[in-house]
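S.K.: Which chain is which? The protein sequence lines are G and Y, in order. Start counting the first sequence at 1; every next residue gets the next number (the working numbering). Start counting the second sequence at 1; every next residue gets the next number (the working numbering).
Treat the hints as calculated values from the structure; they're not laboratory data. Treat the hints with caution; some may be incorrect.
Lysine-lysine pairs mimicking DSS-like chemistry, simulated, CA-CA at most 30 Å apart [what the hints assert, rightly or not]: (1) Y/Lys137 / Y/Lys100; (2) Y/Lys100 / G/Lys33; (3) Y/Lys121 / G/Lys100.
Bear in mind the structure is a predicted one, so any value in this text is a computation, not a measurement.
There are 2 protein chains.
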Amino acid sequence: MYILYHYPLCPFSRLVRIILLEKQIPYKLIEKKPWVRDYELASLNPAFELPVLIADDRPISSAYAICEYLETLNEEISFLSSNNLDNAEIRRIFSWFTSKFYSEVTKLIFDEKIIAHFVEKHSPRANYIRAARANLKYHLDYIEFLLKTRKWLAGNIISFADLAAATQISTLDYLGELDWDKHEHAKEWYSIIKSRPSFRSILTDRIRGFTPPAHYQNLDF
Amino acid sequence: MYILYHYPLCPFSRLVRIILLEKQIPYKLIEKKPWVRDYELASLNPAFELPVLIADDRPISSAYAICEYLETLNEEISFLSSNNLDNAEIRRIFSWFTSKFYSEVTKLIFDEKIIAHFVEKHSPRANYIRAARANLKYHLDYIEFLLKTRKWLAGNIISFADLAAATQISTLDYLGELDWDKHEHAKEWYSIIKSRPSFRSILTDRIRGFTPPAHYQNLDF
Chain G
1 MYILYHYPLC PFSRLVRIIL LEKQIPYKLI EKKPWVRDYE LASLNPAFEL
51 PVLIADDRPI SSAYAICEYL ETLNEEISFL SSNNLDNAEI RRIFSWFTSK
101 FYSEVTKLIF DEKIIAHFVE KHSPRANYIR AARANLKYHL DYIEFLLKTR
151 KWLAGNIISF ADLAAATQIS TLDYLGELDW DKHEHAKEWY SIIKSRPSFR
201 SILTDRIRGF TPPAHYQNLD F
Chain Y
1 MYILYHYPLC PFSRLVRIIL LEKQIPYKLI EKKPWVRDYE LASLNPAFEL
51 PVLIADDRPI SSAYAICEYL ETLNEEISFL SSNNLDNAEI RRIFSWFTSK
101 FYSEVTKLIF DEKIIAHFVE KHSPRANYIR AARANLKYHL DYIEFLLKTR
151 KWLAGNIISF ADLAAATQIS TLDYLGELDW DKHEHAKEWY SIIKSRPSFR
201 SILTDRIRGF TPPAHYQNLD F
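Assemble the whole structure, with the sequences as input and the hints as a guide.
M.R.: Shown next, in the form of structure tokens:
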């Protein structure tokens with residue numbers, strides 16, 4: 001049995017949960033608040049970041065390390081390709097969303113809405129929110145650009161790239177930040193991912209004090 | 001023949017060059033300045049980041065994607081283990097240095113010394129340099145901590161984790177930022193890596209306007 005230390009609105013925690021569900025690997029969830037730097041989290045991951053997966057009593061952290069590890073389990077269900085160059089493209093886009101998109105969009109919104117509310121006790125600062133929203137438009141344009149010539153973000157198969165992008169987006173969507181206007185291909189792509197049972201199960205999570213918009217769980221939004 | 005678009009002081013470019021050399025894969029270097037956002041770089045990597053490896057006419061970017069791709073070539077020389085859980089630890093530490101260490105230390109120093117000099121035309125700002133140096137001490141402590149129980153950063157074999165950490169450090173060392181005082185294990189580890197022919201060859205690079213300290217190329221420093 002695997003144990004996953006996670007936070008419901010953390011996009012990386014969501015990514016790992018979805019892969020565990022997709023690969024039908026049984027796991028137990030333990031919720032941690034990412035802003036509480038306690039001894040337990042320090043011993044699991046000295047970087048104080050979620051999620052942490054416990055496998056054979058050994059903690060694994062970093063979304064990249066966990067996803068690559070999970071890919072070696074139940075190999076019938078795979079989110080990489082059998083072609084090494086196609087995998088390079090999958091990993092490039094995975095890295096785009098877990099690193100660039102996260103720091104330019106998700107982290108700013110998460111910090112100004114969640115951390116500001118629970119920890120710093122102030123309202124979201126307009127300039128940070130504005131910057132994140134401006135960045136988000138460029139990223140949605142990029143998704144739209146990729147999907148004009150591809151079925152999925154990194155090619156013709158659903159991959160880690162799609163799951164990494166969609167989980168970042170799902171956190172923003174919970175917080176009311178998504179506007180699909182002018183991004184038709186991207187909207188259709190997200191609606192297909194949202195309809196997967198793995199994804200639907202994480203969309204039922206709720207954070208006290210934050211109600212997602214009405215369309216959040218709908219497949220037709 | 002592979003082509004690598006790189007910048008000599010970019011730690012990620014150094015990492016990929018060293019892996020290409022270690023794996024004895026012939027390649028041609030093309031230098032690009034990471035702050036020039038021209039059409040060529042945009043078409044190679046819309047994230048405008050170096051390095052970019054051209055393999056079979058396809059550009060691969062992101063250090064993570066490139067390293068994993070190179071690992072599939074000349075498999076006799078490997079920087080991963082045959083054990084999946086050991087690989088998770090290698091990738092966790094790789095991610096630590098390419099993401100956390102880079103943003104907390106290398107990027108700050110690089111921006112304040114190189115970007116400030118060539119692009120923004122101002123002197124390094126003391127508060128950023130001070131923050132980076134304070135962070136660097138904690139990271140050296142962490143390397144020291146790991147090496148007290150391990151031969152290499154992620155276990156008993158040299159891996160991507162060591163190369164990722166050492167290339168970040170080599171960029172800082174070029175810029176005169178390393179002080180090994182109180183970090184004996186870390187210093188010894190770095191001196192062993194520095195003695196590898198792959199590493200020695202990149203230490204001969206010079207950037208106009210910046211002379212590395214006298215000890216930079218020495219194996220005994």
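S.K.: Taking the hints in turn, state whether each one holds.
M.R.: Here is how each hint holds up against the structure:
1. With a C-alpha separation of about 14 Å, the suggested pairing of Y/Lys137 with Y/Lys100 holds against the 30 Å cut-off.
2. Restraint check for Y/Lys100 and G/Lys33: the C-alpha separation of about 20 Å stays at or below 30 Å, so the hint holds.
3. Only pairs whose Cα atoms come within 30 Å are accepted, and Y/Lys121 paired with G/Lys100 is accepted, the gap being roughly 26 Å.
The structure is consistent with each of the numbered hints, conforming to all of them.
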